[in-house]
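Just need the whole structure built from these sequences, with the hints factored in.
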Amino acid sequence: MIAEIGHFALVLALVLALAQSTVPFWGALRGDSRLVATAPTLALTQFLLVGLAFAALVHAYVVSDFSLVNVAENSHSAKPLLYKVTGTWGNHEGSMLLWVLILALFGAFVAAFGANLPDRLKAMVLVVQAWIASAFLLFVLLTSNPFFRLNPVPFDGKGLNPVLQDIGLAIHPPLLYLGYVGCSISFAFAVAALIDGKIDAAWARWVRPWTLAAWLFLTLGIAMGSYWAYYELGWGGFWFWDPVENASLMPWLATTALLHSAVVMEKRDALKIWTILLAILAFSLSLIGTFLVRSGVLTSVHAFASDPTRGVFILAILVLFIGGALALFAARAGALAPGGIFAPISREGALVVNNIFLTAAAATVIIGTLYPLLLEAVTGDRISVGAPFYNLTFAPLVVPLLLLVPFGPLLSWKRGDLGAAAERLMIAFGVALLAGILAFAIVGGGPVLALFGIGLGTWLIAGAMSEVAFRIKLGRAPLGESLRRARGLPRGAYGTSFAHAGVGIMILGLVGTTAWGTETIVTMTQADSVTVGSHTVTLDSFAPRTGPNFVDNVARFTVRRGGAEVAIMEPSKRQFNARAAETTEAAIKTFGFSQLYISVGDIGDDGAATVRIFWKPLVTLIWLGPFVMAFGGLISLSDRRLRVGAPRPARRAAATPAE
Amino acid sequence: MTRKQRRLTLIALAGSVLTVAAGLVLYALSDRIVFFNTPSDIEAKAPAPGQRIRLGGLVVEGSLVKETGGSVRFAVTDGGASVSVAYHGILPDLFREGQGVVTEGVLEASGDFAADTVLAKHDENYMPKEVADALKEQGVWRQTEDAAATSVTQ
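Residue numbers (my numbering), protein chains in the order written: chain A, 1 to 659; chain B, 1 to 154.
Mixed in with the good hints there might be a few duds.
[As the list claims (entries may be wrong)] Dumping the calculated BS3-like pairs for lysine-lysine here, alpha-carbon to alpha-carbon at most 27 Å:
1) 198(A) / 473(A)
2) 198(A) / 45(B)
3) 414(A) / 4(B)
4) 158(A) / 198(A)
[Unchecked claim] To give an idea of the chain A side of the interface with chain B (calculated C-beta under 10 Å), a few residues:
5) 360
6) 386
7) 387
8) 389
9) 392
10) 523
[Claimed, not checked] Ranges between beta-carbon positions, derived for each pair:
11) 561(A) / 9(B): 50 to 60 Å
12) 589(A) / 98(B): 53 to 63 Å
13) 420(A) / 9(B): 15 to 25 Å
14) 88(B) / 525(A): 13 to 23 Å
15) 333(A) / 9(B): 15 to 25 Å
16) 98(B) / 449(A): 39 to 49 Å
17) 6(B) / 333(A): 46 to 56 Å
18) 9(B) / 476(A): 48 to 58 Å
19) 381(A) / 98(B): 25 to 35 Å
20) 603(A) / 116(B): 15 to 25 Å
21) 98(B) / 575(A): 12 to 22 Å
22) 427(A) / 31(B): 14 to 24 Å
23) 27(B) / 603(A): 45 to 55 Å
24) 31(B) / 477(A): 48 to 58 Å
Hint data in this document are derived by calculation from the structure and do not stem from the laboratory.
All C-beta atoms, glycine included, are put in the ideal place defined by N, C-alpha and C.
Here is the structure:
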């Protein structure tokens, strides 16, 4: 019964979305403010209905209602409660429902918190949101309905894929979807502005917080996914350049570019056309990501069961929205008046350089992801594009960008002084150089590229600090004056510094792990010892251990350093009862920022097992960096200036070049 | 600088970055991609020595041998030819004899394939797409009873 209520609510939500697509639109065209005013109410109600449908599905999972095909296929009564709940989106139908729920959530947010938006723009944004919502609700109802009944009802379900029975499933997909779907808001703003033909600095100010929120969630979602793959798959890798990972990286790069270009648009009324195009592209890339993941056209380690009709449906949505938006863009872009002018060496110029590099980098990822599809369609050759491709294309485009990052915030608007900026970065440069030399001294050599990488990471962190230090006149004014300035500094400035420093932290982790990490593969029997770096790892025993719905074959290791016991580590082979499947559960122990990582293979009849031991120096920084980046985003988001409805004249912003 | 000069500066900058990017991509696509081969492909035309390729097919029943020091050996077939694969490391959880597998590495002069990667799939129903297509070409594709598995490969 509850499932039927959910099903019905979902159909009703589609009807409302269709109403929201048309009624306020008609009102806006006719200038009828009563029709325009229906949009927020419709958006809120639509969210409640999708929420009801989602709650009904969660309920079905929690009570193990195997009369639903979806539950019977993907759940099992013996599963712990947490995985029953998260299992709701551990399958195609449920995850698409989550997608639609988050879409409706963003619509509801615009309706509830968009008080500073002009009514007409707000209504148009919600109309565009509703077009997307209608398309995806239709997709869920027609091709991926999670509410279909099953007869006869099976005694028990088939169980959830064991790899997904992890806390990561509770966190990673919702965060990632908040990011993906969050891009729909800036898309809706862009399309609404194009329809209205009115785009100004105020528009950029309204769009920025939404883009920032989407970016923040996307950053966290990708980092979480990376850590999940790292500890769950037992390969010790954190990024595989897998198509599904690329699908999330592409919108991230586009959103990062959009964040930066929207600043120029807000402050200087320039780069309007480009910003609008980026807003369209960011969401287009999210849709392409959804298509790639959900259609199964690409071979990927993420093996989502899929069926061709779904792929065609999403492809149709893709063509409709991207094509429609780009056509609208082509028709209207010419009408947008060019904005403020600026010298190539200026804050605007720096942000343009950022955009050029980011979009070029995004383009290489797009080509690397789609080229295999194209080649197979044309020549029939099957190829895979992996790390070697991206090391040669993506990395050379990102490194110069990162080298330039500290300069940007130190240049003033309109016309900047590169020499002065370089002078202010002298200390940061010195620190970076020192870090490279220090790394050389500590590890006694190492690849030149790695030493450069350590310098680069430090350069980014020190450069970010230099900016704040400069703006609060640290060391050049009395301490009291600096503290007063530090309090007065807008939060956005701190946000920028945190985000840029976060990139530096991540670089340090990437370099440390790739350059100095070790991997040892050995066959061990009881009481065998292996030395990994400064640690000695001894296999104590094998012992089975019973979990709620699995049996662990635990291998117990003692880790010693200098003779003293520092850790007990217990990796295992996990055998699940419901599906005849097993997973490798790695054991990870953190020492400082570095980690020791052990995974075991099958235990042979002779009592020997293959053991894989990784030493991963600085590896935690790879995920700490994105957290610092997201924290920077959060600080920026709390900046009061982003919530001020009326735009300040550009003249006043230009008068305070330190911003 | 005039407005026009400023604009030209930006266009030149964007153009040069894009040119470099395009050059890198073209070079990488000719040099850094890995072709997928079946055992029959290799029998018909062996890849150049030292060239990285992907080899996919079914693991031959009873061919898995565990050697000392964590090395394993197994044979991969597509119904026609078969190739012996040597690998050092832990096999993925879903590695089974008689099931699909994709390995990546180099074909040695002895005719053995030295793999440094054996690909794991998240789902035990899942047959790697390339493998399924290759098996269909060889006519040894068996329709499994599991609907999810077949839908992936259609």
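Checked hints:
Taken as a hint, the residue 198(A) and residue 473(A) pair is broken in the structure, with Cα atoms around 40 Å apart against an allowance of 27 Å. Under the criterion of a C-alpha separation no larger than 27 Å, the hint pairing residue 198(A) with residue 45(B) is inconsistent with the structure, at around 62 Å. At most 27 Å may separate the alpha-carbon atoms for a hinted pair to count; residue 414(A) and residue 4(B) meet this at roughly 16 Å. Proposed proximity of residue 158(A) and residue 198(A) is contradicted: the alpha carbons are some 54 Å apart, above 27 Å.
Hint status for residue 360(A) relative to chain B: holds, with the closest Cβ pair at about 4 Å, below 10 Å. Taken as an interface hint, residue 386(A) checks out: its beta carbon lies about 7 Å from the nearest beta carbon of chain B, inside 10 Å. Look at residue 387(A): its Cβ gets to within about 9 Å of chain B, closer than 10 Å, so that hint holds up. Annotation: residue 389(A) was flagged as interfacial toward chain B, and the flag holds, the nearest CB pair being 4 Å apart, inside 10 Å.
Because the closest C-beta pair between residue 392(A) and chain B is about 4 Å apart, less than 10 Å, the hint holds. The beta carbon of residue 523(A) comes within 5 Å of a beta carbon in chain B, closer than 10 Å, and the hint placing it at the interface holds. About 57 Å separates the C-beta atoms of residue 561(A) and residue 9(B), a value consistent with the hinted range of 50 to 60 Å. Checked against the given bound of 53 to 63 Å, the beta carbons of residue 589(A) and residue 98(B), roughly 37 Å apart, lie outside it.
Our hint of 15 to 25 Å for residue 420(A) and residue 9(B) holds, since their Cβ atoms are close to 20 Å apart. Distance hint check for residue 88(B) and residue 525(A): the Cβ-Cβ separation is about 18 Å, which falls inside the suggested range of 13 to 23 Å. Distance hint check for residue 333(A) and residue 9(B): the Cβ-Cβ separation is about 22 Å, which falls inside the suggested range of 15 to 25 Å. Between residue 98(B) and residue 449(A) the C-beta distance comes to about 44 Å, which sits within the given range of 39 to 49 Å.
Between residue 6(B) and residue 333(A) the beta carbons are some 20 Å apart, a value that contradicts the proposed interval 46 to 56 Å. At about 33 Å, the beta-carbon gap between residue 9(B) and residue 476(A) misses the expected band of 48 to 58 Å. The hinted range of 25 to 35 Å is satisfied by residue 381(A) and residue 98(B), whose Cβ atoms lie roughly 27 Å apart. The supplied range of 15 to 25 Å is met by residue 603(A) and residue 116(B), whose beta-carbon atoms lie about 24 Å from each other.
Separation of residue 98(B) from residue 575(A) is about 20 Å and conforms to the stated range, judged on CB atoms against 12 to 22 Å. At about 41 Å, the CB distance of residue 427(A) to residue 31(B) disagrees with the hint of 14 to 24 Å. The hinted range of 45 to 55 Å is satisfied by residue 27(B) and residue 603(A), whose Cβ atoms lie roughly 46 Å apart. Distance hint check: the CB atoms of residue 31(B) and residue 477(A) are about 55 Å apart, consistent with the given range 48 to 58 Å.
Consistency with the previously given hints fails for numbers 1, 2, 4, 12, 17, 18 and 22, ordered from lowest to highest.
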